[in-house]
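Engineer: All chains should be built: construct the whole structure from the sequences, respecting the hints.
Protein chains: 4
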Amino acid sequence: MAGNTWGERFTVTTFGESHGPAIGCIIDGCPPGIEISEAELQADLDRRKPGTSRYVTQRREDDAARIVSGVFEGKTTGTPISLIIENTDQRSRDYSKIKDVFRPNHADYAYLQKYGIRDYRGGGRSSARETATRVAAGAVARKVLAERFGVRIQGYLAQMGPLTLGCDDLDAANQNPFFCAEPARLEELENYINALRKDGDSIGARINVIATGVPPGWGEPVFDRLDAEIAKALMSINAVKGVEIGDGFAVVNQRGSEHRDEMAPEGFSSNHSGGIQGGISSGQTIRASMALKPTSSIIIPGDTIDTQGNATQMRTTGRHDPCVGLRATPIAEAMLALTLLDHALRHRAQNADVQNTLSPIAAERD
Amino acid sequence: MAGNTWGERFTVTTFGESHGPAIGCIIDGCPPGIEISEAELQADLDRRKPGTSRYVTQRREDDAARIVSGVFEGKTTGTPISLIIENTDQRSRDYSKIKDVFRPNHADYAYLQKYGIRDYRGGGRSSARETATRVAAGAVARKVLAERFGVRIQGYLAQMGPLTLGCDDLDAANQNPFFCAEPARLEELENYINALRKDGDSIGARINVIATGVPPGWGEPVFDRLDAEIAKALMSINAVKGVEIGDGFAVVNQRGSEHRDEMAPEGFSSNHSGGIQGGISSGQTIRASMALKPTSSIIIPGDTIDTQGNATQMRTTGRHDPCVGLRATPIAEAMLALTLLDHALRHRAQNADVQNTLSPIAAERD
Amino acid sequence: MAGNTWGERFTVTTFGESHGPAIGCIIDGCPPGIEISEAELQADLDRRKPGTSRYVTQRREDDAARIVSGVFEGKTTGTPISLIIENTDQRSRDYSKIKDVFRPNHADYAYLQKYGIRDYRGGGRSSARETATRVAAGAVARKVLAERFGVRIQGYLAQMGPLTLGCDDLDAANQNPFFCAEPARLEELENYINALRKDGDSIGARINVIATGVPPGWGEPVFDRLDAEIAKALMSINAVKGVEIGDGFAVVNQRGSEHRDEMAPEGFSSNHSGGIQGGISSGQTIRASMALKPTSSIIIPGDTIDTQGNATQMRTTGRHDPCVGLRATPIAEAMLALTLLDHALRHRAQNADVQNTLSPIAAERD
Amino acid sequence: MAGNTWGERFTVTTFGESHGPAIGCIIDGCPPGIEISEAELQADLDRRKPGTSRYVTQRREDDAARIVSGVFEGKTTGTPISLIIENTDQRSRDYSKIKDVFRPNHADYAYLQKYGIRDYRGGGRSSARETATRVAAGAVARKVLAERFGVRIQGYLAQMGPLTLGCDDLDAANQNPFFCAEPARLEELENYINALRKDGDSIGARINVIATGVPPGWGEPVFDRLDAEIAKALMSINAVKGVEIGDGFAVVNQRGSEHRDEMAPEGFSSNHSGGIQGGISSGQTIRASMALKPTSSIIIPGDTIDTQGNATQMRTTGRHDPCVGLRATPIAEAMLALTLLDHALRHRAQNADVQNTLSPIAAERD
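Chains A, B, C and D, in that order, give the protein sequences. Each residue of the first sequence is one higher than the one before, counting from 3 in our numbering. Each residue of the second sequence is one higher than the one before, counting from 3 in our numbering. Each residue of the third sequence is one higher than the one before, counting from 3 in our numbering. Each residue of the fourth sequence is one higher than the one before, counting from 3 in our numbering.
Don't read these hints as lab results, they were simulated from the structure. Heads up, a few of these hints could be off.
Pairs involving identical chains hold if they fit within one copy or between any two copies, as the list cannot separate such chains.
Stated by the list, open to error - EDC-like, lysine to aspartate or glutamate: derived pairs with alpha carbons at most 16 angstroms apart: (1) K77 / D355; (2) K77 / E37; (3) K101 / E75; (4) K200 / D64.
All values derive from a computational prediction rather than experimental measurement.
Structural biologist: Structure, rendered in structure tokens:
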């Protein structure tokens with residue numbers, strides 16, 4: 003495959019450029035008989051949508067996903083589900099400033115070197131706009147995971163620049179534009195963003211995402227381990243530069259006697275592993291984390307070159323996020339959902355007949 | 003695929019259990035006409051091999067890879083290359099202690115829940131022994147990368163427990179059992195490991211790996227980005243819990259004005275991105291890092307359950323590494339090689355005709 | 003993958019039901035820099051389109067393909083090309099007769115048994131309407147094959163019921179609604195179809211398709227042989243029940259001394275093999291043939307059951323083709339194009355560096 | 003993938019050359035808990051083995067398959083099953099006659115054009131020897147199909163040259179070296195082969211293969227239809243030039259009123275479709291047929307060229323089959339088994355939850 007498809011059994015193939023007529027995707031392999039509506043997709047799309055708060059880009063998109071196939075009389079039929087989102091804010095504008103210049107730290111230069119041609123309008127295919135289709139597909143996956151497997155996924159902002167945030171109330175993460183699960187810190191976050199905007203600069207972020215209800219047994223040794231696929235899933239999101247499972251990089255300075263999650267008939271004593279052992283889910287909560295870089299689309303001018311190789315400068319003046327990580331939580335949730343559902347289906351393809359003599363033990367309480 | 007295959011165009015499918023008769027792999031898609039010998043594979047295998055120093059497990063394996071197909075008169079023919087490594091140290095022994103007990107933090111429990119059956123001898127398929135086949139396949143990939151694409155790959159130990167290590171001399175990393183590129187610190191590492199062994203405990207590690215000579219253009223948007231595939235590749239290695247590209251998690255507290263790698267006709271000003279922009283190689287040095295957990299196979303007893311669900315304890319007395327990360331450098335190099343070569347071939351499948359008007363600019367000096 | 007994707011390097015994923023709002027596809031892996039326009043796609047779509055003559059179904063569809071992504075300023079960019087064809091003739095109608103009854107020899111029964119739900123409107127996903135998207139994607143593939151590889155593809159009607167047809171003038175096949183390459187026989191064909199329609203019955207057909215200009219070397223041993231992939235490609239077309247390469251079933255009664263295509267410095271002496279040896283193209287003309295069954299959608303009543311398992315009868319009264327094979331030529335051409343281009347890209351992924359000492363010898367003249 | 007892998011969920015990757023040290027394969031995705039032994043594999047391998055009668059090649063191979071991984075205490079574990087068959091008859095011999103000359107109608111020329119290098123010993127990778135690994139893997143698939151799904155597969159010789167054979171007794175096909183299911187014709191077959199051998203010539207053959215017990219629902223629309231995959235499976239066998247499902251090419255001259263398999267509560271009235279409707283199994287017997295060309299390895303000299311492009315002649319004197327089709331029945335059975343099991347697993351990945359209200363109706367009696 004040429005790179006625009008996720009998954010093996012529950013697959014998502016996306017298309018579309020930032021300023022083309024539409025973006026969309028085809029979902030193949032969805033179990034039949036699942037009730038799904040455009041309104042359900044919309045709920046997730048609205049969470050990712052630009053322009054929803056003053057803390058994110060002011061691009062105005064309805065982001066309304068239309069179901070074009072694969073759903074009949076309100077239920078999935080098992081045939082490909084096609085979702086299309088029109089680019090309503092695709093107004094003609096002046097691209098002369100970016101047409102012949104590479105924005106530093108963007109994909110502009112790499113795309114032109116790869117393909118010898120690029121759609122320079124708003125980043126074309128490399129724009130994070132593409133992630134709207136992931137969120138829409140992820141909404142379908144989340145529905146299937148919830149209804150058929152009892153799995154629930156939720157993410158939250160764990161850090162923005164120097165501000166490290168706790169997880170006091172996971173539900174609260176859906177109630178504020180920061181996806182912050184420590185509501186007492188909201189004003190602090192707002193002040194930080196406002197100061198950043200005055201500086202004309204941007205900042206990185208860390209997003210945590212968890213999945214509860216995953217039974218033991220998902221994940222395929224030895225290359226397609228569940229943790230390896232989650233790492234790919236999260237790293238495939240624009241601006242992500244690091245991924246952790248469970249304790250992540252903290253394990254470098256942990257001892258075995260401290261790290262190992264001991265087991266008892268009542269359940270696991272801890273969850274340093276993040277719910278995955280040997281690449282296979284253990285029945286505990288899946289815990290993953292990702293780091294997003296600060297966008298380089300800032301008003302502070304930066305050195306670059308043009309398509310002729312001449313030195314020049316670039317200064318971004320349009321609508322952009324001071325912290326692109328603030329919109330990444332729904333995307334991380336979507337990618338985790340796509341990964342888990344794909345593995346659920348792969349697992350049962352091979353192991354639907356397995357009779358276990360030992361019931362899964364309880365997951366510890368996180 | 004059921005999980006034991008890596009890659010799309012240069013693929014590696016591995017087989018074998020820790021204490022079965024042999025392990026091995028099939029490489030498919032290797033370009034023809036490459037000179038390759040068993041001796042070349044051996045050089046890489048020896049670097050990973052157990053029993054080479056007192057700091058790693060004392061299992062004795064020759065780890066001699068035999069080329070069974072795909073090479074004729076010393077050259078690859080384009081047909082599948084099969085490599086087989088006999089398990090010479092597969093002596094009969096007493097498995098009664100682990101037959102019915104799950105080692106905590108190992109794959110034992112997850113495998114049994116997944117498959118309803120498990121080969122308990124030395125971890126069976128979940129053992130890190132499988133990585134020997136990756137190293138052998140990686141040796142082939144490194145040869146092709148060097149000869150046909152001018153790419154060179156090298157890893158080193160960046161941290162072991164509290165000891166953070168620099169990269170003073172990359173070549174030195176191949177001269178000591180720690181893969182340490184700061185030779186002045188070797189005694190310190192030895193002392194740390196010795197103390198750890200006295201404690202009967204284990205420790206985590208961080209490995210860095212770099213690739214030089216990668217041209218711009220490798221990597222497939224949007225899911226099969228080069229960084230996403232590297233993340234999967236490294237996370238698929240036993241014990242890995244975190245992966246970073248470029249500055250990794252440090253980007254969370256970086257500003258855009260600091261992070262962005264500015265460009266000039268003479269080259270890039272910095273390489274915070276680790277050589278990948280928008281998921282596509284930029285022509286700079288590829289930089290990745292991974293965190294390995296401490297092994298839970300230690301002599302300090304740990305709580306666990308048996309296959310009937312009863313509480314019990316486990317204490318590992320056999321040959322094991324106090325720091326499994328010490329043998330991970332060649333594996334990381336192999337996985338990076340497999341990933342890069344696969345993408346080199348995928349890239350040219352689509353883009354062999356591309357005529358670029360702009361020559362790649364220089365990579366900055368790391 | 004769940005079955006709706008063709009190819010590995012040049013992939014086509016299709017979606018859409020016969021009476022849903024639209025059908026379409028995503029092409030991934032298309033080489034960049036190819037000029038492509040909606041008008042070019044239209045030329046091929048018009049050849050397959052229903053309602054173009056009185057010999058095929060009178061369903062009226064514009065079959066206008068809209069390019070939604072992957073083409074910028076008239077050229078492919080290397081990113082996914084999305085094509086959408088609206089179902090303009092999707093008027094509300096009375097489906098009560100087929101809602102609860104399985105049409106004999108259609109996919110109705112099999113789909114319901116597989117998925118437990120089916121879109122009964124016009125056959126839903128199993129309708130041959132889906133092949134319009136193949137023709138559109140095939141038009142892109144044919145353009146790339148012609149421009150980058152010098153390959154030309156053409157099909158024609160070789161048999162309809164008892165009427166066996168020659169290939170006097172391949173270009174003529176594009177000038178008549180039968181895709182008949184023996185123009186002197188057109189009246190005979192018309193008379194046959196008219197008589198058939200009076201009987202309310204249908205008839206089978208055989209389509210031949212050839213590709214010229216294919217260089218030696220395309221095709222991947224041992225499973226993904228070029229002939230094996232062509233067989234799958236043609237058999238995946240609705241109503242096809244048989245596929246041949248070269249002499250096909252005639253080889254059963256050929257002797258080795260008769261069948262073998264001897265070689266001389268001036269070229270091959272014959273082409274019994276249909277241009278493929280050992281699964282790899284030999285440089286000769288690729289010759290394939292396929293058999294299409296008569297449609298079971300006829301006005302003569304047939305025994306069947308309803309969704310409750312009760313006996314009933316079915317009689318098709320709507321718009322249908324007396325010989326569905328008459329519209330299959332463009333579809334066969336499209337599938338052959340998709341197969342060849344995919345293999346062209348796969349071949350060069352692995353073998354772009356190969357330097358041959360022996361120039362290809364001449365293909366014999368068919 | 004580079005072509006040496008079959009399947010998506012139950013995959014087989016083969017390796018090995020005709021005169022290399024060994025051939026073999028890796029099976030991935032096999033359900034766990036299936037009892038399997040080397041003796042069982044042997045039963046199938048013996049049926050394909052050369053040297054078993056005077057009617058086939060006199061190459062002497064033990065063809066003993068060794069299970070190297072994936073089976074523990076006599077049962078499959080769900081991890082990769084590796085099978086290795088040593089080439090015991092790989093004696094050093096004089097290849098000077100074929101080293102620089104292309105055998106007409108063999109893969110020699112195409113391989114050299116593709117890869118720029120070839121293993122000329124006995125055809126190297128393109129030799130039918132590779133099919134021994136398919137038979138071994140097929141034996142595993144047949145065991146799983148029988149035990150978990152109740153499916154049984156059997157093939158027989160349907161035609162050899164001018165001699166068309168019936169199917170009087172399917173079990174008898176396993177009792178004679180021709181796989182003939184019309185035992186009364188055995189002497190006729192023997193006489194034909196003997197006369198052919200005196201002529202120094204070879205002849206083609208047709209093999210039929212059927213599968214009983216396949217439930218409705220296997221097969222993935224729209225490209226990976228069950229019939230399309232069977233077509234690929236059979237066409238991927240050496241020397242096959244045509245494939246039919248059900249009535250095959252006979253449908254070209256059938257009328258819809260004759261061809262359609264009508265349905266009644268008691269079952270289907272006929273099986274012209276060969277058990278597949280719309281690419282999905284209908285619950286009837288799967289019927290497929292394939293045509294094998296006569297081998298061009300005959301003692302009658304044939305014109306060819308050498309690797310320098312000069313005219314020369316080739317005359318095969320070694321051990322070869324006058325009718326390669328005589329050994330193809332077990333291979334066809336194996337490929338059908340691999341295809342069906344793969345689709346069984348793919349089907350349940352997506353549809354394991356489906357609750358059908360209508361029980362499958364009875365298959366007609368063939």
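Engineer: Could you run down the list of hints and mark each one as holding or not?
Structural biologist: Going through the hints against the structure:
In this assembly of identical chains, the alpha carbons of K77 and D355 lie at most 16 angstroms apart only when taken from different copies (14 angstroms versus 27 angstroms within one copy). With identical chains, the CA atoms of K77 and E37 are at most 16 angstroms apart within one copy only, with a shortest distance of 4 angstroms there and 40 angstroms across copies. Taking the shortest Cα distances, K101 and E75 sit within 16 angstroms of each other only across copies (13 angstroms), while inside one copy they are farther apart (46 angstroms). Proximity of K200 to D64 under the C-alpha cut-off of 16 angstroms is found in neither arrangement, the shortest distances being 28 angstroms within a copy and 54 angstroms between copies.
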